[in-house]
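Visitor: Those protein sequences? They're chains A and B, same order as listed. Taking UniProt numbering, I'd label the letters of the first sequence as residues 1 to 367. Taking UniProt numbering, I'd label the letters of the second sequence as residues 1 to 367.
Just so you know, the hints here were simulated from the structure itself, not pulled from any lab data. Warning: the hint list may mix true and false statements.
Within a straight-line C-alpha distance of at most 25 Å, the following computed DSS-like cross-link-like pairs (lysine-lysine) qualify [stated by the list, open to error]:
{"#": "1", "chain 1": "B", "residue 1": "LYS314", "chain 2": "B", "residue 2": "LYS364"}
{"#": "2", "chain 1": "B", "residue 1": "LYS314", "chain 2": "A", "residue 2": "LYS314"}
{"#": "3", "chain 1": "B", "residue 1": "LYS364", "chain 2": "A", "residue 2": "LYS163"}
{"#": "4", "chain 1": "B", "residue 1": "LYS364", "chain 2": "A", "residue 2": "LYS364"}
{"#": "5", "chain 1": "A", "residue 1": "LYS314", "chain 2": "B", "residue 2": "LYS364"}
{"#": "6", "chain 1": "B", "residue 1": "LYS163", "chain 2": "A", "residue 2": "LYS364"}
{"#": "7", "chain 1": "A", "residue 1": "LYS314", "chain 2": "A", "residue 2": "LYS364"}
Number of protein chains: 2
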Amino acid sequence: MVPVTASTTGPVLVIGSGLLGASIGLGLRHLGVSVYLRDSSPTTEAVAQDIGAGRSVRAAGGDVPEPVLVVVAAPPDVVAELVVQALTDHPGATVLDIASVKAPILAAVAASGADLTRYVGTHPMTGREKSGPVAARGELFTSMPWVICPGPETGARAITAAKNLAVDLGATITVLDPTEHDETVALISHVPQVMSSLLASRLQDTPLHHLSLAGQGLRDTTRIAGSDPGLWVQILSANARPVVRSLYEVREDIERLIATLEDPAADGARLDIAQLMAEGNAGQARIPGKHGGAPRAFATFTVAVDDTPGTIAKLLTEIGEIGVNLEDLRLEHSPGQPVGLVVASVDPNRREGLVDELQERGWKVVQ
Amino acid sequence: MVPVTASTTGPVLVIGSGLLGASIGLGLRHLGVSVYLRDSSPTTEAVAQDIGAGRSVRAAGGDVPEPVLVVVAAPPDVVAELVVQALTDHPGATVLDIASVKAPILAAVAASGADLTRYVGTHPMTGREKSGPVAARGELFTSMPWVICPGPETGARAITAAKNLAVDLGATITVLDPTEHDETVALISHVPQVMSSLLASRLQDTPLHHLSLAGQGLRDTTRIAGSDPGLWVQILSANARPVVRSLYEVREDIERLIATLEDPAADGARLDIAQLMAEGNAGQARIPGKHGGAPRAFATFTVAVDDTPGTIAKLLTEIGEIGVNLEDLRLEHSPGQPVGLVVASVDPNRREGLVDELQERGWKVVQ
Chain A
1 MVPVTASTTG PVLVIGSGLL GASIGLGLRH LGVSVYLRDS SPTTEAVAQD IGAGRSVRAA
61 GGDVPEPVLV VVAAPPDVVA ELVVQALTDH PGATVLDIAS VKAPILAAVA ASGADLTRYV
121 GTHPMTGREK SGPVAARGEL FTSMPWVICP GPETGARAIT AAKNLAVDLG ATITVLDPTE
181 HDETVALISH VPQVMSSLLA SRLQDTPLHH LSLAGQGLRD TTRIAGSDPG LWVQILSANA
241 RPVVRSLYEV REDIERLIAT LEDPAADGAR LDIAQLMAEG NAGQARIPGK HGGAPRAFAT
301 FTVAVDDTPG TIAKLLTEIG EIGVNLEDLR LEHSPGQPVG LVVASVDPNR REGLVDELQE
361 RGWKVVQ
Chain B
1 MVPVTASTTG PVLVIGSGLL GASIGLGLRH LGVSVYLRDS SPTTEAVAQD IGAGRSVRAA
61 GGDVPEPVLV VVAAPPDVVA ELVVQALTDH PGATVLDIAS VKAPILAAVA ASGADLTRYV
121 GTHPMTGREK SGPVAARGEL FTSMPWVICP GPETGARAIT AAKNLAVDLG ATITVLDPTE
181 HDETVALISH VPQVMSSLLA SRLQDTPLHH LSLAGQGLRD TTRIAGSDPG LWVQILSANA
241 RPVVRSLYEV REDIERLIAT LEDPAADGAR LDIAQLMAEG NAGQARIPGK HGGAPRAFAT
301 FTVAVDDTPG TIAKLLTEIG EIGVNLEDLR LEHSPGQPVG LVVASVDPNR REGLVDELQE
361 RGWKVVQ
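Taking the hints into account, I'd like the entire structure generated from these sequences.
Guide: Next up, the structure:
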C-alpha cells in the first residue's frame, strides 16, 4: 500500500513528537525523507529520535537545515500559536497542523496576520489507546482517512504538500472546508462520544451481578466511554458550538420521549415512540458499509465455538475453503459459560449454502 | 452443551408460536418432550408444526392431553390475559411467560385473583433479527442468560419447572425479583436502545460523503438503532417507569454539559467536562468482561489484511499455532480501500511475543 518513493520532499520539521508526530516521522524516515524533531519536552524529543522518527533538533545543535515542510503535531490548545511561529520562522516552508478541530485554529492563525497562503489545516483520523513516542508506528495512517481542510487563502502548493504527506503515509484523502469538517466530526465522533459517556455513567451504581446480564448491545454502545477524559476536554472545548447544537436536538428528543413515557397509555403515545425509533432506523441506515460504499444488507449467522486456541481459526479456514468472503465478524461472549459465539456477516446469496456446508462439517450454527 | 435427557416433563403447551415459542418447541422436541402449540394465527400454528416445533392444537382436534407446563410466548400486550386464562383452564399446570418486562405482568395476574403459586415470570435474553416460526432455532437459548423472576407467592414447583426448562434449552439461569429485573433491563438494554436511536436520528440529514469518514466508534454506538420500532414500542411502553427515571438523569447530565460548552473558557468548565467523561469511564469499567467474570484489561493489536477469502482465517490459524487464545476480535473497514483491519485482544503478557512472531511471519501489524 505504502509507495516505495516519497512525494514529500524534505527536510521536514515535526513540532511535537508524541504519538502522532513521531508516527509521521517514522513513516517519512522509512521512505528516506529527512526529518527533524522538536518537542517542548527534551525527553520526548530524545525518545522520538531513539525510535528512529528523525533527528532531534536539540541533539543536532545549531546544525538544522531550513525545512520545506513543517508539521505541527502538538496538543490542540497550543497548535495555533506554534503554526504562527513556524510561518514566521520559516518563510519558505509550507506549514500544516494535524489537530482534530480545524475552524478555531484557522481563525486564530488568520487573526495573527500570518501568511495564510502557506498554511493548511489537516486531520488524520487515526490514533491508538496509548500515547507518547514509544507507542508510535509508521503504519498508524495506513488506510485511515486524512482530511485536508484548506482555508480560502491557502495556496495550491500547500494543499499539494498536505496531500503528498497523506498519500506517502498510506492514508485516504478527503477535502473539506474547515467548518464543514468541524460539524462533521461533531456528528460522527464527538456527539457519539458524549452519548456513550452519558449512557455508561448510568452504570456507576448498578450491582455487578446485574451487569453480568449485559449483552453485546450494551458493550457496543459504551465501548468508547472508556476514552481518555483529558483528551476529550480539549476536543469538546475546541469544538463546543457544533456539539452543543446536536445536544440541543438530543435534549428535545429526550423531553419528547419522557413526556410520552410518563403516560404510555395516552392517545398517540405508541405512534410517538415508534416515530422516534424509526428516525433512529433512518439515521443508522445512512452509515456506509465496508469500504465507504453504500450501506449493504449482509446476512449474518452465529456459530457456537469452544473457547480454545485455534477453534475460531479453524472455522474461518473452513469458511475460506468453502470460498465465501467474510464481510464482518465479531465475537460475543456469554456470562458464565466457556463458549464463544462467532457472529459472521456474508453476502446474503451465500449464507444458506455456507450454513448448510458448515453444519455438515459439524459446526454448531445457533442462529 | 444441551443435555441428552430432559428435566422438563411433558406434555408442554406453548401458547404463541412465533420465533421464541417455536424455538422452545423445537428445543424440547429435540429432547423428546411432548409439545402442543397454540397460536391466534392458524397459519403460524401450522408452520410451527411443520418445522417440527410440536403438535398443532387445531390439527389435533380435541385430542390434546392435559399439560404439565404451559409456556406463554405471546406478544407482551396480551401475555397477562393469556397467563390468567391458562391458570384457569389448566388447574394442575405450572404456567410461565417469557416476556421481556416482568412486574406489570405479575401485577395484572395478581389483580385477576388467579392462583399465583403456579405462575412464574421468566425472561430468556435472546433473539434474532428475524421473527416468526420459520426463523426458529432450538439452539436460540444456548449459552444465553435466562432470568427467572418468581413473585412472593410463586411456589417451589413452579420455580423448579422454569429452571428445568431453561437448563434443558442450554441457557444460563439468573434469579431476580420482578421489579429488580425490570430496572436492570431498563439500564442494560432499554436505555442503551433509546440512546443509540437518539444518536442515530441525528444522522438523518448528514451528507453521505461525510458519513463515509465514520469510524468504528459511530458504528458501534448506533448498531442497535437498526432495531424494529414495533417491538420497541411494546417494550418501552411496558417498562416506562424505570426507563424514564434514567432518562431524567441523562437529561440532567446533558443540561450540565450544554451549560458548560456554551462557555468552554469559563472557570471550572474543563474540570466539569473531565468529570462527566470520568463518570463514563467509571460506569464502562464495571461492565464484566468475557464469561461474566470481573472486567479484565486485555491488550489489543491491529493487523492490516487483504480483503480476500481465507486471509483472516490464515491469520487466526497462525495465532492458534503460536498458542495464544483470542479474547476478542473485530473487523474494521476503511473507507475507499480494499483492506481490512483485524483488531484482536489477547492476554497482555502474550501480546508482545505474539506481535513479534506475527511480524516475523510477514503479517502487517499496524498498531
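Visitor: Between the alpha carbons of LYS314 of chain A and LYS364 of chain A, is the straight-line distance 25 Å or under?
Guide: holds (13 Å)
Visitor: Regarding the pair LYS314 of chain B and LYS314 of chain A, is the alpha-carbon distance no greater than 25 Å?
Guide: Distance of about 9 Å is within 25 Å: holds.
Visitor: Between the alpha carbons of LYS314 of chain B and LYS364 of chain B, is the straight-line distance 25 Å or under?
Guide: Holds - the C-alpha atoms of LYS364 of chain B and LYS314 of chain B are around 13 Å apart, at most 25 Å.
Visitor: Sort out whether LYS364 of chain A lies within 25 Å of LYS163 of chain B, counting only the CA atoms.
Guide: Measuring from Cα to Cα gives roughly 24 Å; hence the hint holds.
Visitor: Given the hint that LYS314 of chain A pairs with LYS364 of chain B, does the C-alpha gap stay at or below 25 Å?
Guide: holds (21 Å)
Visitor: Holds or violated: are the alpha carbons of LYS364 of chain B and LYS163 of chain A at most 25 Å from each other?
Guide: holds (24 Å)
Visitor: When you check the alpha-carbon spacing of LYS364 of chain B and LYS364 of chain A, does it fall within 25 Å?
Guide: Given pair LYS364 of chain B, LYS364 of chain A is violated - Cα atoms ~32 Å apart, limit 25 Å.
Hint compliance for this structure: hint 4 is the single one not met.
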